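Asker: Chains as they are written, first to last, in this note's numbering: chain W, 9 to 401; chain B, -1 to 461.
Hints are not guaranteed to be accurate.
[As the list claims (entries may be wrong)] Restraint ranges, calculated between C-beta atoms of paired labels, are given here:
1. Ala214/B - Thr207/W: 20 to 26 Å
2. Asp235/W - Leu165/B: 45 to 51 Å
3. Val304/W - Phe158/B: 57 to 63 Å
4. Asp235/W - Thr312/B: 20 to 26 Å
5. Leu104/B - Thr207/W: 32 to 38 Å
6. Met325/W - Ala216/B: 47 to 53 Å
7. Ile284/B - Val205/W: 37 to 43 Å
8. Val205/W - Gly220/B: 16 to 22 Å
9. Gly382/B - Ala86/W: 33 to 39 Å
10. Val205/W - Leu104/B: 36 to 42 Å
11. Met325/W - Gly382/B: 46 to 52 Å
12. Glu33/W - Asn388/B: 18 to 24 Å
13. Ala216/B - Glu339/W: 55 to 61 Å
[Stated by the list, open to error] Restricting the straight-line Cα-Cα distance to at most 16 Å, the calculated cross-link-like pairs of lysine to aspartate or glutamate (EDC-like) are:
14. Lys388/W - Asp402/B
15. Lys195/W - Glu213/W
16. Lys104/W - Asp402/B
17. Lys132/B - Asp148/B
[As the list claims (entries may be wrong)] Just a sample of chain B residues kept apart from chain W, beta carbon distances all over 12 Å, derived:
18. Asp25
19. Leu52
20. Phe63
21. Ile171
22. Val175
23. Met230
24. Ile377
25. Tyr391
26. Tyr403
27. Val436
Calculated from the structure, these hints are not laboratory results. Bear in mind the structure is a predicted one, so any value in this text is a computation, not a measurement. Glycine residues also receive a C-beta, built at the ideal position from the N, C-alpha and C atoms.
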Amino acid sequence: MKKLLSLALALCLMLSLAVPALAQETVKLKVWGSQEDQVMLGEMVEAFKAANPDKTYDVTFGVVGEPDAKTKYLEDPAAAADVFAFANDQVKDLVKASALYEVTRNKDAIVAANAPGAIESATVADVLYAYPMTADNGYFLYYDKSVINDEQVKTLDGILAAAQAANKKFFMNVSDGWYIASFFLAKGSLGIDANGVQTCDFNNEDGVAAGEAIKALTAHEAFLTGDDAILTGGMGDTIAAGVSGTWNATAIQEKLGDNYAATKLPTFTANGEQVQMSSFAGYKLMGVNSLTEYPVEAMALAEWLTNEANQLKRFEMRAMGPSNIKAAGNEAVLANAALAALALQANFATSQNDVLGTYWSPAEAFGTTMEAKNYDKDVKTLLDEMVAAITAK
Amino acid sequence: MSSMAVAKKRRKEKRSILKELYQTFRDGDAATRLSFLVMGFGCLRRGQIMKGLLYLAAQVLFIWFAFSFAWQHLSKIGTLGNVGMQRVWNEELQIYLRTPGDNSMLILLFSVLSILLFIGIVVLWRASIRSAYKAQNLAQAGQKLPSISDDLKALLNERFHMTMMTLPSLMVIAFTVLPTVFMVLIAFTNFDADHQPPGNMFTWVGLQNFSNLFGASALVSGTFSRILGWTMIWAVVATFTNYLFGMLLAIFINNRGIKLKSMWRTIFVITIAVPQFVSLMLMSQILHDLGPLNALLKQFGFIERSIPFLTDATSARITVLVVNLWVGIPYSMLITSGILMNIPKDLYESASIDGASPARMFFSITMPYMIFVTTPYLITAFVGNINNFNVIYLLTRGGPLVTDYYQAGKTDLLVTWLYKLTVERQNYSLASTIGIFVFVVSAGLSLIVYNASGSSRREEEFQ
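In isolation and in its complexed conformation, chain W is listed as follows (with noise of 0.2 Å):
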């Protein structure tokens, strides 16, 4: 009787000693990331789990793309993942909202270890808000080089006029903000005021010729629009060259096989000269939730799913550009016709740093209406009636 009973006292004793090592907190991180990121992200954060044995980790996914991670952030600031992917023209009204912690730990090497550009992206006020993860949210032209030649890519009307000599079509999506941008931008800029309220001068002069650009381009026989349609919509097959993203890169070059190219965008042509089109340099970063529980934890993860070696998963599963400085530099990566097409439109390219939520939705009203060729009012109307509704407070 008595050996049991110390038996069963020392069994206790054993108990009470194991199981603070067993009950050790678990640290429960919730990550959102697009829909086709989520089998790369669930192997990014297994090696993260082995990577990290001292601590016990319960990582959850949810399925919210980048495009769509401010407005869900938003929709309920609480309930939201503790790291989350997002481009970066979302910064500003993250940070607006509080939704942002600061990077401070090993913010030194981060910021040594990334493009500038891609550092600058997620900086507001010298303070820098979150992970730089692709250098390639932007878009450039595809083309197929059996039916335009290497000297009617250069400008759009070049384009176009090959792509009807030969019965197809050009592709652009000019009904929507990202897009139509590229002719805007060529001449003006936006920006944020004092009262961090969105600037806009797309309806001056330049802005006008711009505006008549795209009405000459969406009245022309040769032009075809869709969202994101570009394959769907046939190219290879009835579209000759288009407008999109690296996010298309593989599917296209598997469509046109040897008549496959990529470049940076044409000119147009504003009021009788050639203007270079301009684009939005996006980068895509990864965030940490200010209302995290496990604040050093959440930027470890984010640290890890951004670095060196997972930029290159990053580009070797999904064909993503890295905006780490090494990762770029790999043979691989410089060798992607996409991504070097990509590098060429940058010198033309505008920061998306200084867009805010209120700019969409006009600028894509004013594209829908001129590729309805509704033309009740003229340009310079409709331009006014776009810059009034972005910059409206």
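Since the structure of chain W is already known, use the hints to place chain B on it.
Answerer: For chain B alone, coordinates are given in the frame of chain W:
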């Protein structure tokens, strides 16, 4: 009863409650009077221990709740919070640690909850005084006081309605009244993307949102009036086209010359079997500028350029109305065919003997009969169409967008605009203002139309 008479009656009731309290205090003895301060005292004093204790417990609970919970929110209701989120640098962790500040949304929500509970305790307080007075009267008359088991039994018998209604009423208060009051109050704040809790705070702005909506902000009020116009056109046209075409279809199928009646009916009802949002999303794909329908028409050489079903203002408006027909006709066909079969045949027989044409019979017999019976249905359908989110949002997302609208497009209804303002722009206060307006419009119209209709005025005439 006219509204004035109602108001008068209300005032009378209110006066009588105060009068009753005053009379109770005047005629009550010490125990009853003390019940004004200590709930349940009168019951306890006269031996209704359990009942008295329950009242007392309610009071104690309420005082505890008021100090531990309600006060910390109610005290900030004037400003909706004034301490923002705090950050403190932690050298060891190398991060800013945060302490949450005031959360305006929770302050508002819990204040509303506290006020509702306060109203509840006032009702209980009055009940406690009443039972103290009742106990006093019974004791003075030398009668036996009802025990707790008598009271409980009463709840199962003559006061059974109270037992049955308690849970539903509490549910209605918690899930309907509380959120509604909260949402209405939001309309008087500046709760938008720039003032979003928990990072930021919002505060009261009075009628600012209403004045923005009705003229102070040209962009917003211009958008509002034009969207309101389209919403009304949409609601009227969508309701009546669905109704008329559904009825015509039902008449065709009911026609004596038509064979295989049930087969035809089944075919049309099959569209109901497909979930509405599925058919709408499919339609939106089919009607896309580069969609299958346009591709097909081009292939056959009917058209050169895509028809802008959803991207041109006028054609998009026509498209949503037509697709709505396709979605709605089966329902109105089902509803009307039953009523059509009920119209007495002798009416038609005598009409045809008198030499009336089918059109004449339709307008003189069928229509009046149908309208008479279905006015309440039409009102429901009309209000439903004012708020017909699915058809618009799933087909066009409110598009095509136009430059002179504030974050809205040509087919946006007030309700889809409201949705965009909340989900995409986080402009909750403006959306809430629009919500109040939509409610006033649909409730007002329903009441006016219903009261003016034959269904309500000549109810007894219906055979």
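Asker: Hint by hint, say whether it matches the structure.
Answerer: The hints, checked one at a time:
The supplied range of 20 to 26 Å is met by Ala214/B and Thr207/W, whose beta-carbon atoms lie about 22 Å from each other. Separated by about 49 Å at the C-beta atoms, Asp235/W and Leu165/B satisfy the suggested range of 45 to 51 Å. A hinted range of 57 to 63 Å holds for the C-beta pair Val304/W and Phe158/B, which are about 60 Å apart. Separation of Asp235/W from Thr312/B is about 21 Å and conforms to the stated range, judged on CB atoms against 20 to 26 Å.
One distance hint, 32 to 38 Å for the beta-carbon pair Leu104/B and Thr207/W, holds here, with the actual separation near 35 Å. Look at Met325/W against Ala216/B: about 50 Å separates their beta carbons, and that is inside 47 to 53 Å. The hint said 37 to 43 Å for the Cβ distance between Ile284/B and Val205/W, and at roughly 41 Å that hint holds. Distance hint for Val205/W and Gly220/B: a CB-CB separation of about 19 Å, consistent with the stated range 16 to 22 Å.
A hinted range of 33 to 39 Å for the beta carbons of Gly382/B and Ala86/W is consistent with their spacing of about 34 Å. The hinted range of 36 to 42 Å is not satisfied by Val205/W and Leu104/B, whose Cβ atoms lie roughly 29 Å apart. Distance hint for Met325/W and Gly382/B: a CB-CB separation of about 48 Å, consistent with the stated range 46 to 52 Å. Checked against the given bound of 18 to 24 Å, the beta carbons of Glu33/W and Asn388/B, roughly 45 Å apart, lie outside it.
Range check, Ala216/B to Glu339/W: Cβ separation about 58 Å, and the 55 to 61 Å hint holds. Restraint check: the Cα-Cα separation between Lys388/W and Asp402/B comes to about 13 Å, which is no more than 16 Å; the hinted pair holds. Our distance criterion of 16 Å between C-alpha atoms is met by Lys195/W and Glu213/W, whose separation comes to about 10 Å. Restraint check: the Cα-Cα separation between Lys104/W and Asp402/B comes to about 27 Å, which exceeds 16 Å; the hinted pair is violated.
Of the supplied pair hints, the one linking Lys132/B and Asp148/B holds, its CA atoms being roughly 15 Å apart against a limit of 16 Å. For Asp25/B, the condition that its CB be more than 12 Å from all CB atoms of chain W holds, with the nearest at approximately 55 Å. Residue-level check passed: Leu52/B sits 37 Å from the nearest beta carbon of chain W, beyond 12 Å. Distance check for Phe63/B against chain W: the nearest CB is about 24 Å away, which clears 12 Å, and the non-interface claim stands.
Here Ile171/B stays apart from chain W, with its beta-carbon at least about 24 Å from theirs, past the 12 Å limit. At roughly 23 Å, the least C-beta separation between Val175/B and chain W is larger than 12 Å, which holds for a residue marked as non-interface. Consistency note on Met230/B: stated as away from chain W, and its beta-carbon is indeed over 12 Å from all of that chain's, at 23 Å minimum. Non-interface status of Ile377/B relative to chain W is upheld: no Cβ of that chain comes within 12 Å, the nearest being about 34 Å off.
Interface exclusion of Tyr391/B from chain W stands, the closest Cβ pair being 15 Å apart, more than 12 Å. Distance check for Tyr403/B against chain W: the nearest CB is about 7 Å away, which does not clear 12 Å, and the non-interface claim fails. Against the 12 Å criterion, Val436/B stays outside the reach of chain W, whose nearest CB is about 21 Å from its own CB.
When the structure is compared with the earlier hints, violations turn up for hints 10, 12, 16, 26 and for no others.
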